[in-house]
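Work out the full structure: start from the sequences and follow the hints.
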Amino acid sequence: MKNPSLKLYAVAYLIFLYAPIALLPLFAFNDSKVIAFPLAGFTTNWFAEMWADQQLFKAFGNSLLIAVCASVLATTLGIFAARASTRYKFPGKAGILGLIMLPMVLPEMIVSMALLVVLIAIGVPLSIFTIILGHVLICTPFAVAILTSAFQSLDRSLEEAAYDLGETPASTFRLIILPLVMPGIISSLLICFTISLDEFIIAYFLGGNQTVLSVYIFGQFRFPAKVPAVMALGFVLVCISICLLTIAEYFRRRGIAKTGGKDTGGFL
Amino acid sequence: MNRGSSSGRFRNTEAANGLMMVSPTAIYAVLLLAAPLIAVVLYSLMVDSKVGLSAGLTFDNYIKVWTGRIDQALMLRSLTVSAMVTLVTVALAYPVAYFVSFHVRPERKSMWIFLITIPFWTSYLIRVFLWKVILGYNGVINSGLMNLGIIDEPLTVINYSLGSMIMTLAHAYAAFAILPIFVSLEKIDRSFLEAGQDLGESKLMTFFRVTLPLSMPGVIAAVLIVFIPTIGDYVTPELIGGGKLPMIANRIEAIMLKQNDKALGSAIAMTAMLIVAAVAVVFLLLNRRFLKGQSK
Numbered sequence: 001m002k003n004p005s006l007k008l009y010a011v012a013y014l015i016f017l018y019a020p021i022a023l024l025p026l027f028a029f030n031d032s033k034v035i036a037f038p039l040a041g042f043t044t045n046w047f048a049e050m051w052a053d054q055q056l057f058k059a060f061g062n063s064l065l066i067a068v069c070a071s072v073l074a075t076t077l078g079i080f081a082a083r084a085s086t087r088y089k090f091p092g093k094a095g096i097l098g099l100i101m102l103p104m105v106l107p108e109m110i111v112s113m114a115l116l117v118v119l120i121a122i123g124v125p126l127s128i129f130t131i132i133l134g135h136v137l138i139c140t141p142f143a144v145a146i147l148t149s150a151f152q153s154l155d156r157s158l159e160e161a162a163y164d165l166g167e168t169p170a171s172t173f174r175l176i177i178l179p180l181v182m183p184g185i186i187s188s189l190l191i192c193f194t195i196s197l198d199e200f201i202i203a204y205f206l207g208g209n210q211t212v213l214s215v216y217i218f219g220q221f222r223f224p225a226k227v228p229a230v231m232a233l234g235f236v237l238v239c240i241s242i243c244l245l246t247i248a249e250y251f252r253r254r255g256i257a258k259t260g261g262k263d264t265g266g267f268l
Numbered sequence: 001m002n003r004g005s006s007s008g009r010f011r012n013t014e015a016a017n018g019l020m021m022v023s024p025t026a027i028y029a030v031l032l033l034a035a036p037l038i039a040v041v042l043y044s045l046m047v048d049s050k051v052g053l054s055a056g057l058t059f060d061n062y063i064k065v066w067t068g069r070i071d072q073a074l075m076l077r078s079l080t081v082s083a084m085v086t087l088v089t090v091a092l093a094y095p096v097a098y099f100v101s102f103h104v105r106p107e108r109k110s111m112w113i114f115l116i117t118i119p120f121w122t123s124y125l126i127r128v129f130l131w132k133v134i135l136g137y138n139g140v141i142n143s144g145l146m147n148l149g150i151i152d153e154p155l156t157v158i159n160y161s162l163g164s165m166i167m168t169l170a171h172a173y174a175a176f177a178i179l180p181i182f183v184s185l186e187k188i189d190r191s192f193l194e195a196g197q198d199l200g201e202s203k204l205m206t207f208f209r210v211t212l213p214l215s216m217p218g219v220i221a222a223v224l225i226v227f228i229p230t231i232g233d234y235v236t237p238e239l240i241g242g243g244k245l246p247m248i249a250n251r252i253e254a255i256m257l258k259q260n261d262k263a264l265g266s267a268i269a270m271t272a273m274l275i276v277a278a279v280a281v282v283f284l285l286l287n288r289r290f291l292k293g294q295s296k
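Protein chains in written order, with my numbering: chain A, 1 to 268; chain B, 1 to 296.
In case anyone wonders, no lab produced these hints; they're calculated from the structure.
Since no wrong hints were added, every one of them can be taken at face value.
Here are the simulated distance ranges between beta carbons: (1) Asp155(A) to Ser202(B): 42 to 48 Å; (2) Val30(B) to Ser127(A): 19 to 25 Å; (3) Gln152(A) to Gly200(B): 39 to 45 Å.
Below, a sample of chain B positions facing chain A; criterion: calculated Cβ distance under 8 Å: (4) Tyr28; (5) Ala34; (6) Ile118; (7) Val140; (8) Met273.
Even glycine gets a Cβ: it sits at the ideal position worked out from N, Cα and C.
Next comes the structure, spelled out in structure tokens:
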């Protein structure tokens, strides 16, 4: 209203953000081996081809296992760090939290190479387990960030009231704090799950001969004939992550409503 | 005195509780992050030969990296690409963040932010690959334009170039830039803007003299958040650059894994980290200057 050109620009920007993703359904259903215009006609063959690929299911299974383990572990570690940073003062706090958050601002290549060098040096065989180790490391900062805001909006007096009514610290945590930060925990789990599922560098270098979904996709790019099936797979993945994000957003909003905070929007 | 010692004891138990609470996460980070980084530092100071790592410490690897023509060229390319990506991303993102913060009704803001963040949470590999599909020789743009009769031959300037790498990365990191700028714009007290206009400044001057300086911490955070991962990007040079325009990360992989020279590879990784740290320090100092300017 005040400035129509600014709104126009913002909408154009959104289109720029979504345009490449909009190509996914277009070519996933396109009846041609070549990704080019004009479109050739409707087919679901690419989905069938994707569905028939045993390797894909193996890789997807590995990815799911890794993502579940990494998100649970990272969220657990995140709960400890977020609780410590919002509730206690202790020596070296800034340094310790800085180290925990460091993977967020470190190029992933450096994290994965550093881990790789050490794992090889101490003779740990590369496997799904080593990918999980790496993913927990890079997911934890996101979990800490999400959970810190969840713990921050806790009212300290609720906890004190529970102590006054004779609850122990452990039962207070279970009965009062945990339910209040539950939405934060769920959105942390979902975000870490998404990050782990999507992560490529660590999975590629620390996986040994175990293939995960992102590494599988990267391998498929080498074969032009496989591209339409990758488009179909990409379309399915986009749908899954939009569902997960919508659920995460729902819980985040509910969390804010529960603790009576103000919605500032966004995960970060 | 009695009170003092009891509060001292309280502080001790609080410190102990806090340390205890943070310890699982901290120990994990020390074992899997600090220790490996220290190992990389040590490796970078040794010499890797076929016999194994030498015992003595030396700066030979760093000298090799900093004077080597290929390494210098790759560092420069990585720096250029990530600096351009940062510039493009932040410049394009600012108006969007400004629009959402100042022109969108409060109850609809989180929907806008949600819309902006969705593409960012979808598979990074597939997004990068889609740009290859769009910009490639037989890609969407070329086939579309040829089909419409606008061009006769495929454009070659758009495939496998630095420009398309910059475009791809700018798209991939868009949300990273918008969020911090949005947060800092949200924090600005709107009465400052009214004050500026009451004192006779035009809208544009108010923006340049009040809004922009106050949102600078967000801009600087955006710069760092985009710059740091893009300088270490591996996938885009591999896919969009077609492997012909490698950046630091590809070089680290080639030296470390293909040539199996862990010492030299570590020195390149450490150099990349030093560059990142230097850029971060410069921008953090800039940020401090802006914060100081505000409190004056």
